[in-house]
Amino acid sequence: MPRIFSYVLRLFLILLVLLPGSAIAAVTSGTLKGTVVDDADTEIPGVRVTIKSEALMGVRQQETDAEGRYFFAQLPPGEYVIIAEFPGFNTEKRTGVPVNIGRTTEINISMKATTGEATIESEVARPVIDTESGNVSTVLTKDFLERLPAGRSYQEVVQMAAGVTGGGNPNVAGSGSSENTYMLDGVNITDPVTGTFSLNFNFDAIEQLEILVAAYDPEYGINLGGGINIVTASGSNTLKVQTGLYMENGEWSPKLDSIFAADGLELVSTDFDSRFTLYSAGIVVSGPIIRDKAWFLASYENARSLIAFSGNPLPRDYEQHSVFTKVTVQPVSAHRFSLAIQSDPTTVDNIFQGSRFIEPEAQGRQAQGGWLGMLSWDWFISPEAFVETKATVQKSFIEVHQVPCSHDQDLGYNPCSPDEMDNTIDFFTPARFGQNNAYDSDNAYVFDIGDRWRAEVQTKFSLLQIEALGTHDFKTGVTADFTSTHRSVGFSGNLYFVDLNTQYYNPDTLKNYYWVELSGPHDYVMNAQTLGFFIQDVYKPVDNLTLRYGFRYDRQDFRNDLGDSILATGLFGPRFSANWDPWGKGKSKLTGSVGRFNDTSRLEVADYLNASGSGFGSKLFLGEYFGEFTNEANLDYSYSSPDNTNTVLPGLTAPRADMFTLGAEQEIIQDLAVKIYFNGKFTRNLYALDEVNGVWDETGYANIGFSNGEFEYLNRLRTPSIARRDYWWTEFRLEKVFSNRWQAQASYTYAISKGSVQESPSYFLSVAPQLQYATNAYLGTDIRHDITGAITWDVPDDPWTTQLALLIFAESGYPMDQYYDSAYGAGSIRKFTRGTYARTEGYWYLSSRVEQQIPVRKGKLSGVLQVNNFTNNRSGSGAGITADNRWVYGRQSPISVQLGAEYQL
Amino acid sequence: MHILPLLVSLVGCAYEETALEHVDIAGTVKIPKEALNIEVIDNDDNVYVIEGDIRTLGPVYLGVFPGVQEGAYAYTSPETGPVLSATEDGDTYPYGGTTVGRMEFGCYEQLVCKMVTGRFTSFDDVLDFHANVLHEPILNQQGLPVGSAEEYRETCYDVNNYATDFEVDFIKEGRLDFKEDGDYLVADVEILHTYFKEGMSIWGWVDMPSRTFDFSTCDAGQGTPVNFYDQQYTRGANYSNLLNQPGKYIQGGDWVADEIPTIESADDKFEVVLGFKNE
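Chains as they are written, first to last, in the working numbering: chain A, 1 to 905; chain B, 1 to 279.
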């Protein structure tokens, strides 16, 4: 062992020197262990234990130790078979053994003495409690994912997990949507700029999905939010084909969506066109290249949706292509390599769905996507010692600009002039962008073209089952990544108009207008390096007690558009967890954990500190009522410099969250467990801005003076103590693993939140010190009561099996957060509460799915009927004020029907 | 397992900002009870004398200034920078400041720039004050007197998206700003995040209502818009340069600081007395 330590230490040192300096890693495998005993419950040493799985290349074999124990780590998730052989005993074969990511499955085997040769085969009782883990997480297997009546994207099914609310960019345990970490096969795929997800992924290529609400093992480098850990399939020794075609339509549903009367909560019908159509088709092909040596998986998915929010005249037109390929090679049993490539080019037309006053020619198109290359190497030095190394390069891009013109007017898009070619984008005609719902808004979109890069290397060394007053599983690792963004932002024609109404939102009172002339496209590059290190031990002093402890350190250094280091923070995150199985039977657990999690931040934060600021100098002109645009200014009113006036307080700490969990789990009947968790999460020192020049009233709502005599927005980035969030939640979970043809997962979460979440810098608060909390955010998690649940049931009669499934989301409560924004006029700060309009009324969302299998000569054919939101009871999100003073809400999830056909070979 | 105490101690670490140039200072502000004796006039030109009703007390503005001067006004005022125009006062360049009570929107258009926080205990208290003291009952959107506290509450919740009474800042049962202490009204004050210079002065004034119960520090044309049924108006907001050019806003009837403490250390407790009535 000392030689191994020496070798690995040298490897780490080399990496530390070579790498530019993230801190994100994840577990992508599971562990299988157990004890083999005889009739008299005496441990049998030397039993040959063999494990097999479709997910495993070859077989793994070992002999039980002196205490009769076997231990297999670093196993790809899937269903396994265990065979135990020993002379003088029947051969015992256990089937249906689940191995899940980040979990330890314990299967104890009792062997019977015999004089002959016989094999006794039985299906194991699937464990529903991992008695050794302190993490609060949910694992969704491929089989369960496919049965769920949910959307076909990982972002949608994430909401199945307890402690998760919100939409496609979820809030996990009270965190902001930009505070999560997304991982694909263990590597960080979080958008380096926004902190949200950076790629869409082929749904059928997902083997397991783990949603980490609290990951107390230091090897998980999750930030202030949760972790979404996608683990893909790798193929097998059998050629497999899975293909499906799905169509969903919600246009025939009663249109109770879209408008709330201003004076109340009543839903009233609308004449708006609520376009809601989705299509998707996908195929996954996997199989052997060389049996037990090389496997492949190739996947393609196409998804298109046409959805109109808020009565917008044109639907948001989304089309995505996702490609994922992976080759896994294991030339010898000690080394396994895999190479994966992913790409998801996407176009989204008519993205400006916030207002129905945007004319088609003023709409925006978003092109996004990118590619990802991953190389991983698993080196099995011995069954108890191995090194995992992963290297990734990812490029993603988002390009937002006007919809190119088209001569095909059936599309309803921006019409080309007779002399214009198709797909021309007019960056030159002076734009008119009506604010405050003004009607004149043509040719006005801001273009924002950005490339984002992430390069990451991580390596992790595991040394397991070390005997020292019990057993220890040591792990240590280092992760380094480099992120960069190259962005070009501008305004078409460099002009936009702002209406000056004498009455707010009332276009009939237009008296005058002014326009802002900006200095032109702003182009810049900025980057960051992050380095993370962890060390941890899983210590079992006795069989039924597991202590997990360790720490991680993450340090990040952001560099601005001049290459200067502008924000460098680092933080130690110690973590500890104790897990006790009081009766040692694997059916109970008492758990307690505490840990510190830090925020490795994102380029968006540092973006606020670029030397050139927004990059736009602006001149303000006053003009007359804009019936016709003349471009004649009658007064040059004011000028602002493009130089940045934002500063940063030196010596900032990284935002952090201290969290604790107390929990109890009990398998109450075979395969069904009840789990109760009480958690507290205290997030401190979030990024915020204070306006250093302002003098405020007692509550921080309004300015009463300015230190330098003028209102200048002299902002400074801070991590003040008032920028904080307290979040307490209690979870009740019911989990039934698949057996007797049914499976279920349900949770009820009661949460209390206070404080703020950090969002993009545009939502950063100019913090007035008088505020008890710096509250500035969309706090989607301030929902008090949250229920999620799904149940699936197979009606027998093979081969005509019918699968039934039901899913429910239900939420109620009211927002506690308050939102502060710059007010119009005197530079005061106004208080404005946020949350769903119908805040005192909960909503529920019920969906059902029927899959009918149809016997065919080869493979499996099935038809799918899914009815989403069949009670038509979910209000959507997204708000705006109409000219007639009514709140408009866009329905996101109308009642809809999905028809699908699936085939598996 | 010796690592445990270390882990626990690390978890307990708290971050404090050390590079802030600001300090927090604390003290009290005193106003003679005599300030509560005012005269108001209703829409029918009836004149009423109000004596000793703390609900008439306007917002108190306190600033931290480099120094004070005599002679520029009838009262002691902050030192100013250069006077650049004959019609504009010089700027005081305040280091910091705060208020005791502040202008708040009272949920009805009639109450724009007439509501000060920290003065009322309940919706009933507000209704009583306007109906029985000012003799100007609060009128609802239909032009009818607001009939009950419940009607008032419902309107407030609607127009401001409130969910609880806790969010209604002008109702502070048991949390009024001032307490009586002999011949004075006394309030504790914290001035947070002020720049600190040795010898800086704490100066301020209380904006007392005019005879029509208006406050000179509040601009009814500012503040966020209200769109409520067919009504459109603004909520009112204080002027943002009150401490920079206080002379523009101090009117007859306002009480101004005449005992002006200086601060030598951030730990000094100050007491500022607004004992001079500006006529």
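A couple of the hints might just be wrong.
[Claimed, not checked] Some residues of chain A that are not near chain B, with every Cβ distance over 10 Å (derived):
1. F71
2. L649
3. W696
4. N703
5. F706
6. S707
7. N708
8. G709
9. T801
[As the list claims (entries may be wrong)] Partial chain A-side listing against chain B, Cβ under 7 Å, derived:
10. D143
11. I535
12. G613
13. I704
14. G705
15. E712
[To be verified] Some chain A residues flagged as far from chain B (calculated, every beta-carbon gap over 10 Å):
16. N108
17. A281
18. V329
19. P331
20. T389
21. S484
22. S488
23. S640
24. T645
25. G663
26. D690
27. V695
28. E698
29. T699
30. A702
Rather than coming from a laboratory, the hints here were simulated on the basis of the structure. C-beta: ideal position from N, C-alpha, C; glycine also.
Practice prompt. May I ask you to check that D690 of chain A keeps its beta-carbon over 10 Å from the closest beta-carbon of chain B?
Written response: 8 Å, violated
Worksheet item: Taking the minimum C-beta separation from W696 of chain A to chain B, is that value above 10 Å?
Response: Incorrect as stated: the minimum Cβ-Cβ distance to chain B is 7 Å, not above 10 Å.
Fill in: S488 of chain A and chain B, when compared Cβ to Cβ, separated by more than 10 Å
34 Å, holds
Worksheet item: Beyond 10 Å from every Cβ of chain B: is that where the Cβ of N703 of chain A lies?
Response: 4 Å, violated
Fill in: P331 of chain A remote from chain B - nearest C-beta pair above 10 Å
Check passes; 40 Å lies beyond 10 Å.
Fill in: N708 of chain A and chain B, when compared Cβ to Cβ, separated by more than 10 Å
Per Cβ check, N708 of chain A is inside 10 Å of chain B; nearest 7 Å; violated.
Fill in: Status of T801 of chain A, Cβ more than 10 Å from any chain B Cβ
With a cut-off of 10 Å, T801 of chain A remains clear of chain B, as the shortest Cβ separation is near 49 Å.
Worksheet item: Holds or violated: is the Cβ of V695 of chain A farther than 10 Å from all Cβ atoms of chain B?
Response: About 4 Å separates V695 of chain A from the closest Cβ of chain B, which leaves it inside 10 Å; violated.
Fill in: Outside-interface status for G709 of chain A - nearest CB in chain B farther than 10 Å
Since the minimum Cβ distance to chain B is about 4 Å, G709 of chain A lies within 10 Å and the statement is violated.
Worksheet entry | Interface-negative label, T699 of chain A against chain B, beta-carbon threshold 10 Å | 6 Å, violated
Discussion item. Is the interface hint satisfied for I704 of chain A? The criterion is a beta-carbon contact with chain B at less than 7 Å.
Written reply: 5 Å, holds
Discussion item. Does G613 of chain A hold up as a contact with chain B if the rule is Cβ-Cβ below 7 Å?
Written reply: 22 Å, violated
In this structure, the hints that do not hold are numbers 2, 3, 4, 5, 6, 7, 8, 10, 11, 12, 15, 26, 27, 28, 29 and 30, in rising order.
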